[in-house]
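Knowing the structure of chain U, use the given hints to seat chain A on it.
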Amino acid sequence: MDPQLLALCVLGGALLLLVLRVPIAYCLGLAACVGLLLFFSWRPGAEADLARGLAPTLSIVGSTAFGFVHNYPLSMIPLFVGLGHVAYQARITTDLFDALQVWTARLPGGLAIASVLGCGGFSAITGSSVACASAMGRIAVPEMLRHGYRPTLATGSVAAGGTLGSLIPPSLLFVIYAIFTDQSVKNLFLAGILPGLLSLAGFVATILIWVRLQPAAAPRAGQGGSGEAWAEAPHFTAEQRLAALGKLWPVVALLLVIVGGIYLGIFTPTEAAAVSLAMAIAIGVLRGNLTRAGMKEALSVTARQTAMIFVIAMGAKLFVSFISLTRVTPAALEWLQGTGADPALVILGVVVFYLLIGMVLDSIGILVLTLPFMVPLVEGYGFDLVWFGVVVIKLLEVGLITPPIGLNVFVIKACSPSGIPLEQIFRGVAAFLVLDLLVLAAILLVPEISLWLPSLAR
Amino acid sequence: MDPIRAAGSPGLDEPGRHTLLERAGVRVAGLALVLLCLIVTLNVVTRALWHAVIPDDILLVSELMLLVILGPLALVTAEREHIAVTVFTARAGAGARRLMACLAHLAGIAFFGFLLVAFWTLLAKSWRTGEYYDGLLGLPQWPGLALATAALAGVILRLVFLLVRDARA
Chain U
1 MDPQLLALCV LGGALLLLVL RVPIAYCLGL AACVGLLLFF SWRPGAEADL ARGLAPTLSI
61 VGSTAFGFVH NYPLSMIPLF VGLGHVAYQA RITTDLFDAL QVWTARLPGG LAIASVLGCG
121 GFSAITGSSV ACASAMGRIA VPEMLRHGYR PTLATGSVAA GGTLGSLIPP SLLFVIYAIF
181 TDQSVKNLFL AGILPGLLSL AGFVATILIW VRLQPAAAPR AGQGGSGEAW AEAPHFTAEQ
241 RLAALGKLWP VVALLLVIVG GIYLGIFTPT EAAAVSLAMA IAIGVLRGNL TRAGMKEALS
301 VTARQTAMIF VIAMGAKLFV SFISLTRVTP AALEWLQGTG ADPALVILGV VVFYLLIGMV
361 LDSIGILVLT LPFMVPLVEG YGFDLVWFGV VVIKLLEVGL ITPPIGLNVF VIKACSPSGI
421 PLEQIFRGVA AFLVLDLLVL AAILLVPEIS LWLPSLAR
Chain A
1001 MDPIRAAGSP GLDEPGRHTL LERAGVRVAG LALVLLCLIV TLNVVTRALW HAVIPDDILL
1061 VSELMLLVIL GPLALVTAER EHIAVTVFTA RAGAGARRLM ACLAHLAGIA FFGFLLVAFW
1121 TLLAKSWRTG EYYDGLLGLP QWPGLALATA ALAGVILRLV FLLVRDARA
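For the protein sequence lines, the chains are U and A, in the order given.
Counting in the working numbering, the first sequence runs from 1 upward without gaps.
Counting in the working numbering, the second sequence runs from 1001 upward without gaps.
Okay, chain U solo, but in the shape it has when bound (with noise of 0.2 Å):
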């Protein structure tokens, strides 16, 4: 059997497991394990025997499955989402809320702004912009609902500002790239900052314009509603507002150790996991907000986590090898390269077909299956695959937030009082869907905006 047709088959196999509900990591383990055992077994000129095919397809199984969870760079991926579940369980994320919350407060809409930031500064402790939506969801949310903001400001702002996790760093996606492209952590993170920040910036820009345009949308205290009187806004001392910066000091340090050591070259991308993580723990149990109980939730989530993405990211490995072997996606690029079409155009096409398959797969679902194809096909193109990764994760942000499986959406509306429909959260982040659409424009137009941060740290 040829074996880029073999390739073809199996990956319509597997997409029909996906199809069918069957775990994305079975779906792609599976497929990967049939199609090798098939590839060993079918020779040119020769019977199909699947005992010949069996020993090579077991070895190459065996150590791949064992080398990518017996691996050490890979502890990252642990430590990163436990620091998000430890610095959740210390208070460390309700600390960050409250303080911008008084910097914020006499801005228009300033409990969204806070959510927003906080989601901005709690996507460089953690690596995942679910947790990220979740943590902040729970805090914010009701806060907002509180003080009579609209639910779809209140849980828009927060479904939105949590898909920064992805981008800012530590990001458990760039992390998953770098696994699948070879390309350097330290630079994916280097690289998603300034597109973070600007994200950051645009969401904070969207409230801002939401608000002036309806100022009912987020009334100040004692308006009932109507919002006009922004003077009427709580006022804090400079002592409170001073005492509020000092709240901040664990994110910052946090920060500092993780961007600052791993720009400055101090740690390896590992050890700043490792270490933030136990700057966490010393935090929250010197400040006493750290319990057992707490510490015990934040372990076993991460554990859990973990594994579930590991036995993805496992069967994906699988594939990729059962791919390389075919030769499937050179033969493809061949063929598109033949075509004579414009980089420009394949560029956009990836895009509208990030956009489109956003819609219906989680973003770790959507990095395994795409990137033995994708990277191959950017690589030959030459663009470069560490501004292709920054595009590509702005891209599953988007998807977090489109219907019909906006996972952070889901999340808020998990995380809010109930009575909340799940259309008023979509109509809410259609704002920040607009801003995130311009974003990514930039990102893609001017690869500087990535390319820049690491270019300076090499």
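Honestly, the hints are just simulated from the structure, not real lab data.
We put the CB at the ideal spot given by N, CA and C, even for glycine.
Certain hints may be false.
Here are some of the chain U residues that sit facing chain A, going by a computed Cβ distance under 10 Å [to be verified]: (1) L79; (2) T306; (3) I312; (4) M314; (5) P404.
Chain A only, in chain U's frame:
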């Protein structure tokens, strides 16, 4: 609340019950993560202060990673927490969903079955030849492989239980 679970679980809605061993796997994974974190952090500190490193730190962390990843796998499977795409079959009836859940368990058994045989082959070889990792501690390879193989066997056993339960539901 676990954010991933908040997004909905694949397969049938009811999570499976888990055993003491499965819960122990999660606890061991949590402890292994703390230990792993301490080893890497201590290594950074000792390197900065005394230009010394913990012997075979990379190897120790890699071995602990086996516990962190594979320890909770049976419980994650029991609770149906593996991520699946549900959008295309959201309106399927109970019978169809039961069939799809059984198909998912069968696919899982086949995938982990491949892995189990592959790991068993590696384990048998390392036991036979007495292979050990290069390093100061001279750690043998078989304990890590044995742990990984046992964890996979546990996952397959759990999947078989789920399959029988869902098939009879």
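Inset, instruction - So, M314 of chain U near chain A? Judge it on the closest CB pair being under 10 Å. - result: Since the shortest Cβ distance to chain A is 8 Å, the answer is holds.
Inset, instruction - Under 10 Å, Cβ to Cβ, is where L79 of chain U needs to be relative to chain A, so tell me if that hint holds or is violated. - result: holds (6 Å)
Inset, instruction - Classify the hint on T306 of chain U as holds or violated, based on whether any CB of chain A lies nearer than 10 Å to its CB. - result: With a closest approach of 6 Å, the T306 of chain U hint holds.
Inset, instruction - Identify whether the interface hint at I312 of chain U stands, where standing means a beta carbon of chain A within less than 10 Å of its own. - result: holds (7 Å)
Inset, instruction - Return the status of the interface hint for P404 of chain U: holds when the least beta-carbon distance to chain A is below 10 Å, violated otherwise. - result: Result: holds, 6 Å to nearest chain A Cβ.
Consistency note: the structure conflicts with none of the earlier hints.
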